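J.: Given these sequences and hints, build the entire structure.
Just so you know, the sequences run in chain order A and B. Position 95 of the first sequence, counting from 1, maps to 95 under the working numbering, and the rest follow consecutively. So the mapping is simple: the working numbering equals the position in the second sequence, first residue as 1, plus 97.
Take these hints with a grain of salt, some might be off.
Per the computed footprint, the stretches of chain A lying under chain B, defined by three or more beta-carbons under 8 Å from a beta-carbon of chain B, are [stated by the list, open to error]:
| hint | segment |
| --- | --- |
| 1 | 70-77 |
| 2 | 80-87 |
Some chain B residues close to chain A (C-beta under 8 Å, calculated; not the full set) [claimed, not checked]:
| hint | residue |
| --- | --- |
| 3 | 121 |
| 4 | 142 |
| 5 | 162 |
| 6 | 167 |
| 7 | 168 |
| 8 | 180 |
| 9 | 197 |
| 10 | 199 |
| 11 | 208 |
| 12 | 212 |
| 13 | 214 |
Mimicking BS3-like on lysine-lysine, the simulated pairs with C-alpha atoms at most 30 Å apart in a straight line are [unchecked claim]:
| hint | chain 1 | residue 1 | chain 2 | residue 2 |
| --- | --- | --- | --- | --- |
| 14 | B | 192 | A | 26 |
| 15 | B | 157 | B | 192 |
| 16 | A | 73 | B | 127 |
It should be emphasised that the hints constitute simulated quantities derived from the structure, not laboratory data. Just so it is clear, the structure is predicted and the values come from calculations on it, not from any experiment. Beta carbons: idealized from backbone N, C-alpha and C, even for Gly.
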Amino acid sequence: MLRSITLQLTDETLNRAQEIANQSGKTLEETLAGWIDRTAASPVLEHIMLSDEEPVLSPNIEYALHSPVGGEKTAQQLWEYLQQSDLTDDYPPKVSS
Amino acid sequence: MPQSVRFSYEFDTDIGLYGFPILPVTLFYKDRHIIVNGLVDSGAMVNVLPYSIGVALGAKWEDQPVLDRLGGNLSSAEVRALTLQGYNAQLVADKTFPLGFAWADTDNTRLIFGQINFFHQFTICFFRADNYFEITSR
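T.: Set out below in structure tokens:
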């Protein structure tokens, strides 16, 4: 069921929403509703307690991290190589003096 | 239950500060071994082995499979895959652990313990402000 509400938005947010609406061919209302729907559907949202200044992370929740850029393909290749290798872990290995 | 082992950050006499999380490990390859000090680097995607260490262990460069090049100061280096066994008595007393390395054709790098596959085998916590880090075998 769809319901109508009144929002008070800053000029900056309204201008940004209008800009996106123009680009996408949607109405301003449809664009804003889409933003809210997508944000509300985020599983992380309910675990973020909004303070006046900034979001606070909650314990026992796994948050996504951005991995360092570079070396991902090499890492994938190395991982596949390891899966194919004989990785015996006996100790001590045979060592010459 | 696995025990955490605490290591101190290495003190850098040049700058007068505790600089890096360095871990001593004995590397084994076939019938050879060598003791190295590696940088425990959570920002590194892979373990990295300088060229001369691989050679000292008797590995043959041309026999190892080629990997894609890495970034940063190794962007111009060719890298190949090499599997070694590592040993540190404090971490795991009675057995070695497998270490897959991106073996670089240069010595212009530290030996690095990175995400694949060092961080896959150990839980590591850094307490940089207190100048130590802890490693727990999984």
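J.: Give a verdict on every hint.
T.: Tested hints:
no., hint, in the structure
1, 70-77, "holds (count 7)"
2, 80-87, "holds (count 4)"
3, 121, "violated (16 Å)"
4, 142, "holds (4 Å)"
5, 162, "holds (6 Å)"
6, 167, "holds (5 Å)"
7, 168, "holds (3 Å)"
8, 180, "holds (5 Å)"
9, 197, "holds (4 Å)"
10, 199, "holds (6 Å)"
11, 208, "violated (15 Å)"
12, 212, "holds (7 Å)"
13, 214, "holds (6 Å)"
14, B:192 <-> A:26, "violated (63 Å)"
15, B:157 <-> B:192, "holds (25 Å)"
16, A:73 <-> B:127, "holds (28 Å)"
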